[in-house]
Amino acid sequence: MDYKAFDRARRKSSPLQLDLVEAYAQRRVSRREFVRRGTLIGLSVPFMGAVIAACGSDEKTTSTTAGATATTAGGTATTTAGSTATTAAPATTTAGSTAGGTPVKGGSMKIASQTPSAPLDPVAMADLGSYGIVAQSFEFLCTLGDADIAPGLALSWEPNDDGSVWTFNLRQGVKWQNGGDFTADDVVATMERLVEAKNAGLNGVLDKGGCVAKDPNTAVFTLIAPNGLFPYLVSVFNAQTVITPKDYALGTAMEDKPDGTGPWKLDSYDKATSAKFSPNPNWWGGSVYLDSVEWIFSDDISTQVSGVVGGAADAIVQFAAVGGDALLNSDEFTVLKARTANHRQIWMRCDEGQFTDKRVRQAIAMCLDRDLMNEQLFKGTADIGNDHPIAPVYPYFDDSVPQRKKDVEGAKKLLADAGVSNLKAVLNAPKLQEIPELAVLVQNAAKEIGVDLQLNIESTDTFYNQWCLTYDPICDGGQEFGIVDYGHRATPDVYLNAAYATGTWNSAHFENADFNAAFKEYQAALDVDGHKAACKKLETIANDEVPYAIPYFYPSLAATSKKFTGVRVSALGQMFVDTAGKVS
Amino acid sequence: MARYLLKRLLLAILTLWILATIIFVVVNVLPGNVGRQVQGPFASEETVRNFNHAIGTDKPLLEQYGKAMRNLFTLDFGKSYSQPKVDVTTIIKKDLFRSTKLAILALVITVPLGIFAGRFAARRKDKLADRSVVMLGLATSSIPEFVTAAVLSYLLCIRWKFFHVFADPPAGTSVVGQFRYLFMPAVAMVIVYFGYIARMTRAGVINALDADYTRTATMKGLSGRRVMNRHIMRNALAPTITVVGVQIGYLFGGIVGVERVFNYHGIGLEMFTAIKNHDIPVLQTAVLVIGIIYMLSTLAADMLIAYLNPRVLMEVKR
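Protein sequence lines, in the order shown, are assigned to chains A and B. Take any residue in the first sequence, note its place counting from 1, add 75, and you have its number in the working numbering. Take any residue in the second sequence, note its place counting from 1, add 12, and you have its number in the working numbering.
With the rest of the complex left out, here is chain A (with noise of 0.2 Å):
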């Protein structure tokens, strides 16, 4: 260790920056981990060398490398392309393809994706067919990096000693499609916008008028409450925060004002077919390699297999492990997998009704086979969950907490000590995806130990139009027992929050005040170990009185044809090309 080195660095730090530069020191980070907390707390690539450096480097690769990938990302297309890896990358929300050789330019790729569901509003916008168009023009301040988050539309980001204020330098010289220059005054817009609808991820984080812009090139974030993790309620993993032009008004549908500042321009849009996009000369990354993009819409996933398959599209957003096998098996395709925390919430309101007894949920909770899920589900390719929305994907997950295995007897048991027996109950359920199929495996397991269950699954229409928003708090439909769906977030604020603390999608009408407690911690937390601290309190309480049984966090898959290279998609499922090529 180089002594003198490290604390010139140490110097330099903020408390927050400090706090992490010295878990790294002490290895209480990873390397990786602190590549990825540091680009998030707004450590410059410089810093961060320099740290990894002075403490030496155990692992194999070097530490220019690890931090180049923070800068580079989301660069030119020169520098990213086939760079990222083929397989899930492990911890990370991000998967990348190379197909081997290098991408030349020019060509055209077909993308097959799901069908948008409503305008292109960004701002509104809830469907991944909406998220992978928009991405396309529309850029956020953090973008995909290789592991995580990276400059995007900010250049750099630094919190100051508590985290409640973050500062923004935006990159300068970025030009909108439509002509003038992207400046904080569209960052401020874009949050105003955000905050007035309530964004899920903004939401008790920032207020209106909370974010302002110091001069043309810094905006600043005073935030409600310290948080550590803000960078990522504006990135990319918080699909609504693309930055918008500062005349776009709530409810402006970028399919009537194209315009952004991102790698591609929208030439023409067809909500049924198709949309199609052509390189935008002025990106300030540089150029792209494809002459241009066509994403073709269906709203069948066995119909989008079956059109990359078939040669009709050249890769696909998202789809099943059932019924992908064509995709999982073939040699003519890169599957790429990001782990998530997408998860289903197996509700039991803690309240009233025949659930009440914690022992009742439990018992329910352990007469469920998780491996046999994975494997039916989804072919072993998701994460085994245990009854809390910490996913192993997150760097704070605490596996300490024991795992909750299959136990008839003692499920048996559970419900004997509560005095339960005959319970009969209906499993509410939407029509969504692999949930029916669930709601069927559960209700096996539940008669494995006496338990009768009734299935009722509803439409998504039917299920969140009359059950969700309809009722306070909403998601339960007025319910005691059901499944309900999440999608990824890169953090699990939203779970924690709203499923389990302030109840606005609280289905299980869980109120504890321990994990109230404990959920402040989190929040509050600026620093590693306070953030893992927080998690584990978090993970026992909600393992313990299970008013969700989580059986599993499964991945998600993309696919594109070994002939391109260098697509990236997110764990939330946005398709990014702007690396992309065919493969010389």
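Calculated directly from the structure, the hints in this document are not laboratory data. What you were told as hints is all true, and nothing was included just to trick you.
Dumping the calculated SDA-like pairs for lysine to any residue here, alpha-carbon to alpha-carbon at most 20 Å:
| hint | chain 1 | residue 1 | chain 2 | residue 2 |
| --- | --- | --- | --- | --- |
| 1 | A | LYS273 | A | VAL287 |
| 2 | B | LYS97 | A | ASP334 |
| 3 | A | LYS332 | B | LYS91 |
Given chain A, work out where chain B should sit, using these hints.
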């Protein structure tokens, strides 16, 4: 003839009004808040409220019905809910054009093939060839079209890559090129409808072969071909034409399964998506258009039958 036509047209208008009323009632009993459905779960309550106000779904049902009928009468179908800047007419025109291409191709293959097979079988009644045609027709018409489409897609498009797996041809594709895109979905429809037409033609020809006028024509010394073309087919085709007339409407709107498998954005798939998105104007217009096609095609079929067999007109006059 003109009177007959006028009577049929008046009946058609009445039927369309009933159809429009049924559609209005059905779409208004669909569950869910239209504004929420269209704007998505993340849209603010205010946005949803404004949207509902703008499209009038917050008004009393009777008022909405009156407006819908007025719009129908003035052929003002309004804007799509899911694409608020786009006229419904523009969307339906595009879909209709696509569906028309596919339906014409399917008909061009099915009708001659079915008639030929039916005539072929009838002339070999109770022989192996007849049995084969009948059995084949029964078998193919009993398989749902989406199953046929899926099998064809897998074998000929995905496995052997003879045809395109997505049937929407890119803009600027030549007519011959489009044929390669549309051939597979058309074949999926042909396989299903070929059987109906063949069996109908067979039955008609068998009846006509036994008819007195056929015997007379033969005894007059006319050639076999002339008897078949001038006397037998002219009389035997009436039920076939009726079937084809009904199937034209079905070929436009009833092939959602085929359109989904081949990702072909015709009017059937548009209706399916419109139901999912609560895009009521698009749904109403699409159903109406298909209703009109049904009526026009059955009317055309009736006119053709009347032309081929003037006795029909005589009956109408009586």
